[in-house]
Structures are given as structure tokens and as C-alpha cells.
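Q: Now for the letters of each chain:
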Amino acid sequence: MGKFLRLLRKDLEASKWPVTMLSGVSLIWYLFLRLKLESTWSLSQVMFLLWFPLMFLPFWLIWESFQTLRTEWREDTAYTLIVLPVPGWYITLSKLLAMFVEYSLLLAVNIGGILVIFRTQLPEMFGSLLQELPVSWLIRSMFILYLASLGIFTYAIVFIQLAFVVSKMVGRLQGLVALWVLALASWFVNRMGILLEPLFRWVPPVSLDRLFHMERVGVTYDSFLWNLSPQIGIWLAVLALFILTAWLLEEYVEINE
Amino acid sequence: MEINFDQSIPIYLQIIDEIKRLVATGTLQPGDKLPSQRDLAAELKVNANTVQRAYREMELLGLVETLRGQGTFVCDDHQIVESTRKEMLTNLVNDFLQSMRSLGCSEQEILKRVGDGLFEDREVKDR
Amino acid sequence: MIDSERVVVIEGLRKRYPGVNALAGIDLTLSRGEIWGLLGPNGSGKSTLLKCLVGLVRPDAGRIEICQEPFSRRAKANIAFVPEVDNLYRWMTVQETMDFIAAFYDDWQPQRAKELLDFMRLDPKSKVSTLSKGMKARLKLTLALARKAPLVLLDEPLSGIDPSSRDRIVEGIVRQFKSEEQTMVLSTHAVGETERLFDSVIFLEEGRVRLVGSAEDLRMEYGKSINDLFKEVYA
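Line by line, the protein sequences give chains A, B and C. Just so we're aligned: the first sequence equals residues 1327 to 1583 in the working numbering. Just so we're aligned: the second sequence equals residues 457 to 583 in the working numbering. Just so we're aligned: the third sequence equals residues -1 to 233 in the working numbering.
Treat the hints with caution; some may be incorrect.
Taking lysine-lysine and the BS3-like style, the derived pairs with C-alpha atoms no more than 27 Å apart in a straight line are [as the list claims (entries may be wrong)]: (1) B:K568 to C:K229; (2) B:K501 to C:K134; (3) C:K134 to C:K123; (4) B:K476 to C:K112; (5) C:K134 to C:K146; (6) C:K229 to A:K1362; (7) A:K1342 to C:K146; (8) A:K1342 to C:K131; (9) B:K489 to B:K568; (10) A:K1362 to A:K1342; (11) A:K1329 to C:K134; (12) A:K1329 to C:K222; (13) B:K501 to C:K146; (14) B:K568 to B:K542; (15) B:K501 to B:K542; (16) C:K112 to A:K1329; (17) B:K501 to C:K125; (18) B:K568 to B:K581; (19) C:K146 to C:K125; (20) A:K1329 to C:K229; (21) B:K501 to C:K176.
Below, a sample of chain B positions facing chain C; criterion: calculated Cβ distance under 8 Å [unchecked claim]: (22) F461; (23) Q463; (24) I467; (25) Y468; (26) Q470; (27) A498; (28) K501; (29) V502; (30) Q564; (31) L567; (32) K568.
Here are some chain B residues the structure puts well away from chain C; computed CB gaps all over 10 Å [as the list claims (entries may be wrong)]: (33) P466; (34) Q485; (35) P486; (36) N505; (37) E565; (38) F575.
In case anyone wonders, no lab produced these hints; they're calculated from the structure. For every residue, glycine included, the Cβ atom is placed at its ideal position computed from N, Cα and C.
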């Protein structure tokens, strides 16, 4: 456990700079919009531009989850990492969790930044929304969406890690191999979702109405049902790919100049 | 201690030779302590096992003795100094004679050359 | 040789890269307590062999045993490996690097680490990215020697290093190597300056073992320095 935490700490410390920079850039962006709002731009213009940093966040996250592995190879620190007497999944999972922490931090900085920088304009910006939707409901729904986004990122990061590790097992055409692995992995995961679906039909569907407390905002449709049976197969396949990546990393990956 | 190693000869033999020379010239006195094996190895930048081997051989030769927990000492025996010195002299003379003979010198010529050499040496010093 | 003295056993080790036969069948047994010189010109397979021992390269065929165990994660804990490349995290300080490595190896000796830092004249507070090549080499060696690892592997530890760092590194090896419990393999293509460190030497040529023997015995047998023998073998 100590060894795993040490790896996690290392991955977090290594990302200190990009996270700080990105936070800085976002905050400057919000300050800039706030100044513009006071001088020339209209509220609707600002409202439109306000979401740019948050929209950029998923793309950055995908890039960073590839970058965190690539840097180890490019800067030769893989020579230290691969030699460590730890299971392969320590390395992949610590990177995955580090991405979660970075994502959560950036999310918090962005949302916090918006709330603080635009605190006097908030009623004007979101007033109509807040009149209809209770704050507690908004927070709860956002939290559920946040958890769901973590799930989607896990899916993406596992794919990227697998593609990277497999590409490092071949001498040439590494980029092409990585793309093929990505394609193959998504095909495999979807296929597993479909194939295993009958096994999990017994799992009751989740009512989105109830999950999001729709009755609290006066909307009720019984039809908002989320069928979990294909999802379970997909997640089992993702788990299998994660285990495969860790195993390949520990047993087969090579390092060559 | 400083040794200009000839790396074509086993290193441990050269370490033994150097210590013998230090004993014969009196730089190392009977009863003197030798540097620890690790220190000497570090100083000479040679493998510690090599120094260990040199020390072990010198013990077998009766030149040094190792006291448990205290270190290695030149044997406290003045005869050792004398015999080491004699051995070195014998070796030097033998080497010298062998070289002279290989150049075709007769015994007469060797004696004459040595005499001449000593004479010249004295003149240089007197001047 | 008693089993417990066989620190490394290599049998029939082969590794092919496209167009190159990096290792063409290596059989070696390394005994405990010795410093082994792994010698050969560039491309003779020294680096590939060391990387196989530590799991950075996976052999096509053959068997590796480290401390009487087949190669595994557990074997990795018994090895201190110093690659030729700069494998340190640049954004860490010297102290952070030491703490990071110490966390993964149970044989880390804090006292020895401190002494080595002093001896190597390394400032714990300096950032790795600001260290010169020689200083980085000193730090890499410190990380390996601060452990009581049964097997220490050094890949070209002196190549491209300034003379004062070289002296420190050689002296550090002589001082810290514990022959009662450790075995060291040091690869190099510059034999002259390191040959006095070796108990035994292995000459590699085109992925094969050309000659193995005790350094002193070879000097006696051939009446030559290892360096001259090296030049003759690869002439």
C-alpha cells in the first residue's frame, strides 16, 4: 500500500505544473470575461464564452493520460519505473487515479473560479434557472454527472493505456499499432456488452427519474429508465482490458533506445 | 601508499612487492599497522578482494599478522626486516645479472662494469 | 560451487532484433562476492544482457535465475540496476529522488545513503535537472549502493563522465561494495581505467561469451593487462 501511494504521489507531483498552469489560464480567462462584461460585451456573449475552459477539460484529460505514460518513456524514467519491484497494476492504477485527482481539482478550480469571480452577476446570469431549480437538487445532479464522467474517463484512460503499452511492445509502426489497438479494444468492449447482455437481464433498470429526483423539479416521466444489462458486460470488458494492460506492462513491455 | 601498477602483472603481487619494499626501507617498521583492507583498496582504486588476497599471502609468508578486531600489523620481528631486505637484494642482483648476461657480458666484464660504475658515481658525488 | 553462491545463472539466453542477433546463446554462472567486468565493444550485447537480467528486455529463449529463483517481480527486489541513460525524474530534488527509491526497496540503508551523499558531494536540495552529467552519475550510483542489494548491475557507469566524478565513482564502488553479501556486474568498453576493479571478467562478442576468467589468473596466464588482452581479443 505504501508503495502504491508513493507512486500515486509521484504522478501527482509530476502533474503539479500543468495543473497549476491550466488553473491559472482558466482563472485569467474568467477575469478577462468579467472585465469585458463590465465594459463592452453583453451577458449572453459572456455566458457563451464562459464554458470554453470546461469544454476543453475532457480533451486535456485524454491527452494528459497518454502524455503521463509517454513522458516516462521519452525521458527514460521508464528505466526506473519498470524495474521497480511492484505489480504492473500499481503503475497503471496510480496514473488513472492521479488523472481523477487532477480532473477533480481542475473542475473545482473552474467552478469555484466562476462562482467567485462572477459572484455579483450570478443572480443575473442564473437567476431564472435558480428560481425553477432548487440549489440542493442542482448540487446533487451535478455530483451524479461528475461520477458518471469519471466512469467515462476510466473507459477512455484504460483504452489509452492499453494502446500505449502494446505500441511499446513492437519495434516500429508504434503509432499505427496504437490506433489499431484502440479500434480493436472498442470493438471488443461493445461486443462483450452485447454478448454478455443476456446474462445480466436480471439486473433491474435504474429509473433516471428517481436517480435525479425529477419529482422535486416537477417533472415525472416513468419512461426514463436506464437499462444496465449491456453496461455491465462493457464494464467487465474494460476491467479485463485493464488487467491485460497491467500484465503486459509487467511481463512483456521492453525498453530500447 | 602509491603504486604505479603494471597491469600486465597480477595486482596482488605488486601490492605485496610494494609493502615488502616499505618494510625493507624501514618506512614500515616491525609492529606498524597496515591500512585496513578497504582503505587501501580505496586508496589504490583496486578491488577489495585483491587487497585481501595480498594480505592473506603476506600472512602466509610470515610478513604480517592479523589480530582479530585490531587490524593487520607488520610482524614484530626484526629478522623479518633483514630477511625481506635480503630477499629483495637477492632478487635485484639476480635480475641484474640476468640482464647483463643476456647482453653477452662475461663475469669479468660484469665485475669491471660494476667497479667502473661505482667509481664514476663517487666522482659525481664528490664534485 | 555451492548453490547459495550462484547469484546469477544464465542458460541459453537468446535475443533477436530485426536484423541483429543481440544475444546468440549465453551461458554464465556468476558467483557471489565478486565484481564482474562485462567487457566488449559497442553492440556486443552487454547492455542487452544486463537489461534481460532486470526485465527491461524479454529474452526470446533461455533461462535466468537470480538468487536461486527464476526471474520474477521478487527477483527485481534483489537487483540494483544503474542504466547508462539518465533515468532520474528531473523535477525531483536529490533528496526526493532518494526518498522515492527508498520507498520501494526494503534493503535501503538510510545511514549508508547519508554517508554516500556526503562522499559524493551531492547537495540534497539541488534539483536533478540542474545536475551535471557527472553529478547525475554520482547520484545514480548512490541510489544503487545505498541498498544492500545482492546483485548490483552497472551499465557503463563511467562513460562520458568527468575525471573527478570518475574517481569518486570508482572509489565509491571500492568502499561500498560488500563482498560478503553482494555481487556486482559492471559493463564497460573502456577497460583500461576500470580493470583493477574486477575480480573476474567476461568478454562478449556478437552476443556470445568469448572468454571468462579471473582477472589475476588471466594476467598471469597471458602476461598481459586485461586491457591489452581485450585489444587482442577484438583485434
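Q: Run every hint past the structure and note whether it holds.
A: How the hints compare with the structure:
Restraint check: the Cα-Cα separation between B:K568 and C:K229 comes to about 44 Å, which exceeds 27 Å; the hinted pair is violated. Of the pairs offered as hints, the one joining B:K501 and C:K134 holds, with about 21 Å between alpha carbons and a cut-off of 27 Å not exceeded. A threshold of 27 Å between alpha carbons decides the hint, and for C:K134 with C:K123 the separation of about 14 Å falls inside it, so the pair holds. About 38 Å separates the Cα atoms of B:K476 and C:K112, which puts this hinted pair outside 27 Å; it is violated.
Distance hint between C:K134 and C:K146 is fulfilled; the C-alpha atoms sit about 21 Å from each other, no more than 27 Å. Between C:K229 and A:K1362, the direct Cα distance comes to roughly 75 Å. Violation of the 27 Å bound is thereby established for this hinted pair. Distance hint between A:K1342 and C:K146 is unfulfilled; the C-alpha atoms sit about 33 Å from each other, more than 27 Å. Taken as a hint, the A:K1342 and C:K131 pair is honoured in the structure, with Cα atoms around 26 Å apart against an allowance of 27 Å.
Taking the CA atoms of B:K489 and B:K568, the gap is about 43 Å. The hint is violated against a cut of 27 Å. For a cut-off of 27 Å, the pair hint linking A:K1362 to A:K1342 is broken: about 30 Å separates their Cα positions. Taking the CA atoms of A:K1329 and C:K134, the gap is about 24 Å. The hint holds against a cut of 27 Å. A threshold of 27 Å between alpha carbons decides the hint, and for A:K1329 with C:K222 the separation of about 49 Å lies outside it, so the pair is violated.
A C-alpha spacing of about 21 Å is found between B:K501 and C:K146, which places the hinted pair at or below 27 Å, so the restraint holds. Simply put, B:K568 and B:K542 have alpha-carbon atoms about 24 Å apart, close enough for the 27 Å limit, and the pair holds. At most 27 Å may separate the alpha-carbon atoms for a hinted pair to count; B:K501 and B:K542 exceed this at roughly 30 Å. With a C-alpha separation of about 22 Å, the suggested pair C:K112 and A:K1329 falls inside the 27 Å cut-off, and the hint holds.
Proposed proximity of B:K501 and C:K125 is contradicted: the alpha carbons are some 30 Å apart, above 27 Å. Annotation: proposed proximity of B:K568 to B:K581 holds, straight-line Cα distance about 20 Å (limit 27 Å). A C-alpha spacing of about 26 Å is found between C:K146 and C:K125, which places the hinted pair at or below 27 Å, so the restraint holds. The straight-line distance between the Cα atoms of A:K1329 and C:K229 is roughly 46 Å, outside the 27 Å bound, and the hint therefore fails.
With a C-alpha separation of about 15 Å, the suggested pair B:K501 and C:K176 falls inside the 27 Å cut-off, and the hint holds. Checking B:F461 against chain C: minimum C-beta separation of about 7 Å stays under 8 Å; hint holds. A cut of 8 Å between beta carbons decides the hint on B:Q463: the least distance to chain C is about 3 Å, and the hint holds. Among the interface hints, the one on B:I467 holds; its C-beta lies about 6 Å from the nearest C-beta in chain C, closer than the 8 Å criterion.
With 8 Å as the threshold, the beta carbon of B:Y468 comes within range of chain C, its nearest partner Cβ sitting at about 6 Å, so the hint holds. With a least beta-carbon distance of about 10 Å to chain C, the hint placing B:Q470 at the interface is violated under the 8 Å criterion. Hint status for B:A498: holds, given a least beta-carbon distance of 5 Å to chain C, under 8 Å. Satisfaction of the interface hint for B:K501 is found here, the shortest Cβ-Cβ separation to chain C being roughly 5 Å, below the 8 Å cut-off.
Here the hint on B:V502 is kept, as its CB sits about 4 Å from the closest CB of chain C, short of 8 Å. The criterion of a C-beta within 8 Å of any C-beta in chain C is not met by B:Q564, whose closest approach is roughly 34 Å, and the hint is violated. A least Cβ separation of about 32 Å between B:L567 and chain C goes past the 8 Å threshold, and the interface hint is therefore violated. Below 8 Å, beta-carbon pairs count as interface contacts, and B:K568 has none with chain C, the closest being about 34 Å; its hint is therefore violated.
At roughly 4 Å, the least C-beta separation between B:P466 and chain C is not larger than 10 Å, which violates its mark as non-interface. Once the 10 Å rule is applied to beta carbons, B:Q485 is consistent with being away from chain C; the minimum gap is 27 Å. Taking the minimum C-beta to C-beta distance to chain C, about 29 Å, the non-interface status of B:P486 holds against the 10 Å cut. Annotated as non-interface, B:N505 brings its C-beta within 10 Å of a C-beta of chain C; the closest such distance is 5 Å.
At roughly 30 Å, the least C-beta separation between B:E565 and chain C is larger than 10 Å, which holds for a residue marked as non-interface. Distance to chain C confirms B:F575 as a non-interface residue, since its nearest Cβ pair spans about 38 Å, more than 10 Å.
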